[in-house]
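Enquirer: One-letter residues, chain by chain:
Protein chains: 4
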Amino acid sequence: MSNVRVGMVGYKFMGKAHSNAYRALPMFLPDVPRPEMKIICGRDPQGVEQARAQFGWQHAMTDWRELVASSEVDLIDINAPSDAHKDIALAAAAAGKHIFCEKPLALTLTDAREMLTAAEQAGIKHMVGFNYRFAPAVQLAKKLVADGRLGQIYHYRGWFLQDWIIDPDFPLVWRLQKEIAGSGSHGDLGAHQIDLARYLVGEFDEVIGMSETFVKERPMPTEMTGLSAKGSKDAPRGPVTVDDATLFMTRFANGALGSFEATRFAAGHRCTNAFEINGSKGSVRFDFERLNELEVYFTDDAEDVQGFRRVLATDPAHAYMDAWWPPGHTIGYEHTFTHEVHELMKAIAEDRQPSPNFVDGVKCQEVLEAVDKSIAERRWVEITEMG
Amino acid sequence: MSNVRVGMVGYKFMGKAHSNAYRALPMFLPDVPRPEMKIICGRDPQGVEQARAQFGWQHAMTDWRELVASSEVDLIDINAPSDAHKDIALAAAAAGKHIFCEKPLALTLTDAREMLTAAEQAGIKHMVGFNYRFAPAVQLAKKLVADGRLGQIYHYRGWFLQDWIIDPDFPLVWRLQKEIAGSGSHGDLGAHQIDLARYLVGEFDEVIGMSETFVKERPMPTEMTGLSAKGSKDAPRGPVTVDDATLFMTRFANGALGSFEATRFAAGHRCTNAFEINGSKGSVRFDFERLNELEVYFTDDAEDVQGFRRVLATDPAHAYMDAWWPPGHTIGYEHTFTHEVHELMKAIAEDRQPSPNFVDGVKCQEVLEAVDKSIAERRWVEITEMG
Amino acid sequence: MSNVRVGMVGYKFMGKAHSNAYRALPMFLPDVPRPEMKIICGRDPQGVEQARAQFGWQHAMTDWRELVASSEVDLIDINAPSDAHKDIALAAAAAGKHIFCEKPLALTLTDAREMLTAAEQAGIKHMVGFNYRFAPAVQLAKKLVADGRLGQIYHYRGWFLQDWIIDPDFPLVWRLQKEIAGSGSHGDLGAHQIDLARYLVGEFDEVIGMSETFVKERPMPTEMTGLSAKGSKDAPRGPVTVDDATLFMTRFANGALGSFEATRFAAGHRCTNAFEINGSKGSVRFDFERLNELEVYFTDDAEDVQGFRRVLATDPAHAYMDAWWPPGHTIGYEHTFTHEVHELMKAIAEDRQPSPNFVDGVKCQEVLEAVDKSIAERRWVEITEMG
Amino acid sequence: MSNVRVGMVGYKFMGKAHSNAYRALPMFLPDVPRPEMKIICGRDPQGVEQARAQFGWQHAMTDWRELVASSEVDLIDINAPSDAHKDIALAAAAAGKHIFCEKPLALTLTDAREMLTAAEQAGIKHMVGFNYRFAPAVQLAKKLVADGRLGQIYHYRGWFLQDWIIDPDFPLVWRLQKEIAGSGSHGDLGAHQIDLARYLVGEFDEVIGMSETFVKERPMPTEMTGLSAKGSKDAPRGPVTVDDATLFMTRFANGALGSFEATRFAAGHRCTNAFEINGSKGSVRFDFERLNELEVYFTDDAEDVQGFRRVLATDPAHAYMDAWWPPGHTIGYEHTFTHEVHELMKAIAEDRQPSPNFVDGVKCQEVLEAVDKSIAERRWVEITEMG
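Each protein sequence line maps, in turn, to chains A, B, C and D.
Residue numbers for the first sequence follow full-length UniProt numbering, so the first one is 1 and each next one is one higher.
Residue numbers for the second sequence follow full-length UniProt numbering, so the first one is 1 and each next one is one higher.
Residue numbers for the third sequence follow full-length UniProt numbering, so the first one is 1 and each next one is one higher.
Residue numbers for the fourth sequence follow full-length UniProt numbering, so the first one is 1 and each next one is one higher.
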């Protein structure tokens, strides 16, 4: 297996998470091609050079067009802000490079589809960064559903609750600006929820949503990185142009009912990315704040000892866990990326598309925009309406 | 304070719960008029006589018209199946008796309003049995919201999950027949959720819902009481004419967003009547399966020790708890009725309407039917449309 | 079945709990003789008369000797402070009355044994009030152990944590005075722990303990009832003559290892009466603050879904629960007494000793005093040393 | 700051954990000297070479004496089986190399003291691997105690529960052989508990313990790594020469009471390394299976909202967390080692001893052996007796 030479655009929150995954892979999951951390790329020369040194990349670059054209890389990793995804991806596809793109795939469904088409025509491998699929507890949920151990699925409940912007004086970071982020809670958090639901239960049939921006103006930031930012509450204010919270209901193609909520205004929730699935034979519950655990219920347990089990998904029976530590020794957020990159490298080695890929990115975007349309038009929207 | 002489129609699940409350009141909360358990009434002579003896009523009767007309009673307690509520209530009001009616107040909004009008014209006291308000942990939630300790409310999430009919061979009990129950999960469980939300956050502005009947036919039962029933899976089957599950979203008059779910198909949930409220200064969470607890979060806790507190609402600082046992000694489901009856007796003594009363019953019914309408017409429905 | 006529000595915390149990029994568990609430007895005429009226007893009395001699009663219920247990019990036995005595049975092992001998010689029925046995979740634990579903027992961990006297200005109530209470946390809380362990795992073989009184002087109270009291922090102080906390380790006769802790200085614990049992095939955990729940683990669950189940012991499959409400509708502290009185009445009807009875009271006292001896002599003490 | 060149002896479970920490440090906590992964050393040439390649070390070696003598390394990391610690450490000290030694420091107190003396005489930096101190939630507990926010400490409860050898056919791995491991649960798990208690509450004054080996013979293994092993249940059996479980009680120098338990026979517990501390102003609780969380209680919270808070120790206010991900994005087991190595590198840069160091290793060993002595002699043993 030859190495896969990576060129990465972006070096902040996601850039750090991806870099760590590339570094960890050969040590913990060495059965796949080794990602070679060739070139890191970002607009700010000082920033990207510092990231290069700190994260362990061989070279730094400031022009992604140059990166995409480089013969030194086989794979382009795109984790720049969302508004940059499309152009980079199209160029990468044109250059015949594999693409690993963070979610959301694009700012619009039209863009996402254009990216998918380009990737397919180029015959490259393409992946989209729905990393939560790769928590072992989520993989266990998938297995239980897929093996029929939960029976027919009746209900899916998904909620992604955060509180990082609940302070009305928190600055107007790029994630709150529609032209860069595309969307607020909906596209950031809801996208993960939609992908998890598709992964676990299947396709959406129709949706209806509602949304709100609770704090309509915020002070301009002086500095921002990851989810944090600095700024004065007395700074000039600008308009928040994305949703603070979006809720929607759905009917799945298989007949299950679903409800979803994404908000950044749920005090006390730092990162509650949670779901519950109820089927005719059992239920599962997951909360990312306790990502090593899956609560599992079976209707056929003996009648005097029925109850949700707290399964600590750290046993050898759980996906990826023999790569890490003994049972009971938990893993963290970053490990989901390591597992994700493992799938990417494995798919490249096996000459197949990784999962999730741009098709999943497009389908997620279809649901996101169907929800937006349902909000704008105050009616149920069928996914097939999205063309 | 003179006793309040009670005549009660119904003697099954709710009849037992109410009887226990009347018995417990003078022992645990003796500061209000004593309810005198005068007459219990039910159609089956043997059944009602057995209940009389077991629950401790003075007399038994089989004709509720006779009961309502009796000069021996001051208050009519109606907990017969829902389709009987209206006629009994109208007759009781006409006879000048106070009324304590189980929820849902009536099968339809029209009926509920007719009952309210009759009660108001008769000048009697009227109460509706939304007992969950009276859990001390719920009272604490109310206090925190009312005192502004959660700040501006952004989100209300309510879900009432059960699994008692998840077996497709469970018999077709009266709660699954529209002509008797009026509605399924929606009217039974959703009604409690709607009342709690109104109590805690305020009025609903507009709603949109969806519902499903997962199991469309069930065997006819041979015997039923409370929520349980007997029957053969090989018995002839009849159609389930109510919803197994209903979900809806709402916008509250105060701008908060709400989502609600009521289902009898959530495996592993025996009686998860739960809610979470997120405000600008804090959050609370409640689950009836742990009814003595309220989880509480405040944004202004010291920055290194922020987290949801598990408050065991059994201290003297919590409503009703000095009537019972020392801190840490929990109470159960039935105590909510004792507290409810305390409010009823107190209101009678103070010559004011108890809370919740028929106005709350009507408003709850407005929301229920607005949701039904939104489902039928597949669109958002404003509560004001309900007339 | 003829009624059992009860005469009760004591009318405070335990008197209220017992009275409620006698009242509830015929309504909820009517398959046993009905306890007739004949006479309530206490030293303070006003206090006992008020209790009589409030709790629903037919007569009040101030002299327990008169009560014991009365031909109106069949059973003497003793829940006066612990120093009064022995004299009343001996007199009751001499008068041929059945006895239901609160724990601890007596202030000393010698006294306890004298009470047992007297009861046995009189041929009466005798019960001791270890009410925690009667929580349905505890009954489930017992069943799992007894049926071998946990396999060979390796570990028992018991802890009873409270914090009601953690404030050093809390008054010097009778429970903190050795001459009345006999012992502090050890006899009050530890006694329950010892009884639960004996009930669930079997007899103790040897013990070694340690104890401490953290606050050595407290202000004298002006008023006290149940676990609460009033008083000024500036009142004169008297010495605390009992333990604030006692810990001990044990080896059980069956080879299991045990550790126990009873304290009133565990901040945040209102009434954590908890245990965990680990066996070769599984484990169980119980915490009285969530008394409707038992956590259960089985080693033979499928390897990918192993985990502690949270069993809500409110199903028909759980002891006593068909007497109360539908699944998921929880019960409270007081219900343990109703179940306890059910066992008492059932035993009387079946002409057998109830369980737990004075033998259990004596055996519990043996362990308590063996622990005391081990503390005094700073060495392991075998239970057989207690004679 | 010049790099610190590391030579490591051992390449299995701990070797992997340490290697990962060295790799992660410059990326996540780059403010300290960079550990240079120079030489990895192990007896099996193939095994160590594979580890070298996989973990990213520059060279591999099979003779630790050669390693210790090498001028290429500044620091010797010892994570070989426990029986090898002493010789390697003495040689490393003699060679003037800093030492990072896994716990337990040595097989005996005598050996541990010899190692400490050698290290002190050599003037090197020495650290012992009590990694659990470095969980941010544990650091928070330490801060709360140290700042007096829990008041006077009354109780410490520590329990380390595992179940990995509960199957009687699990092979006789080296951790079950006294001559290699020195001790069983006591030295492996109890050592962590003792160190945490010393770190959080202070020195031990006296102890008394008990222990048991439940399964006395086991099949010889064919292969073992980390905590897992392979083997046939029909293989010849050898004697288990260490404890399966050890319990002990203690009195701390500050007057607090402590109880400890370490067992590998607690079904359902994969790695419950837990403690609870109760003080006059509050309490904290920790469980390693949820290592990102600390439960915290304060007695001075408002009287209606008192309760244990679940603090997710992932905020910038928590130790080390600004090095990782945004709030709510949890870390795992391995991160404790990264933080530990950060302290080691920082201490080297600041020319001070890291904490914990060999003094802590010796003091932990004193308590371990005092407990052993108390078991052998069936009496309380004061720590000062250990000389």
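Hints listed in this document are in silico derivations from the structure and should not be mistaken for laboratory results.
What you are looking at is a predicted structure, and each value in this text was computed from that prediction instead of being measured.
Please note that a few of the clues may not be correct.
Because identical chains cannot be distinguished in the list, a pair is counted as satisfied if it fits within a single copy or across any two copies.
As the list claims (entries may be wrong) - DSS-like mimics (lysine-lysine), calculated; alpha carbons at most 25 Å apart, straight line: (1) K373 x K346; (2) K373 x K230; (3) K12 x K142; (4) K216 x K281; (5) K373 x K281; (6) K12 x K143; (7) K346 x K233; (8) K373 x K142; (9) K233 x K281.
Enquirer: Indicate, hint by hint, whether the structure satisfies it.
Expert: Hint check:
1. K373 x K346: For K373 and K346, neither the intra-copy (37 Å) nor the inter-copy (52 Å) Cα distance is at most 25 Å.
2. K373 x K230: neither (34 Å within a copy, 48 Å between copies)
3. K12 x K142: Classified as neither; 31 Å inside a copy, 32 Å across copies.
4. K216 x K281: between (45 Å within a copy, 18 Å between copies)
5. K373 x K281: neither (35 Å within a copy, 32 Å between copies)
6. K12 x K143: Classified as neither: same-chain Cα gap 33 Å, cross-chain 31 Å, threshold 25 Å.
7. K346 x K233: Neither: 48 Å inside a copy, 36 Å across copies.
8. K373 x K142: For K373 and K142, the Cα distance exceeds 25 Å both inside one copy (30 Å) and across copies (36 Å).
9. K233 x K281: Result: close only across copies, 18 Å inter versus 53 Å intra.
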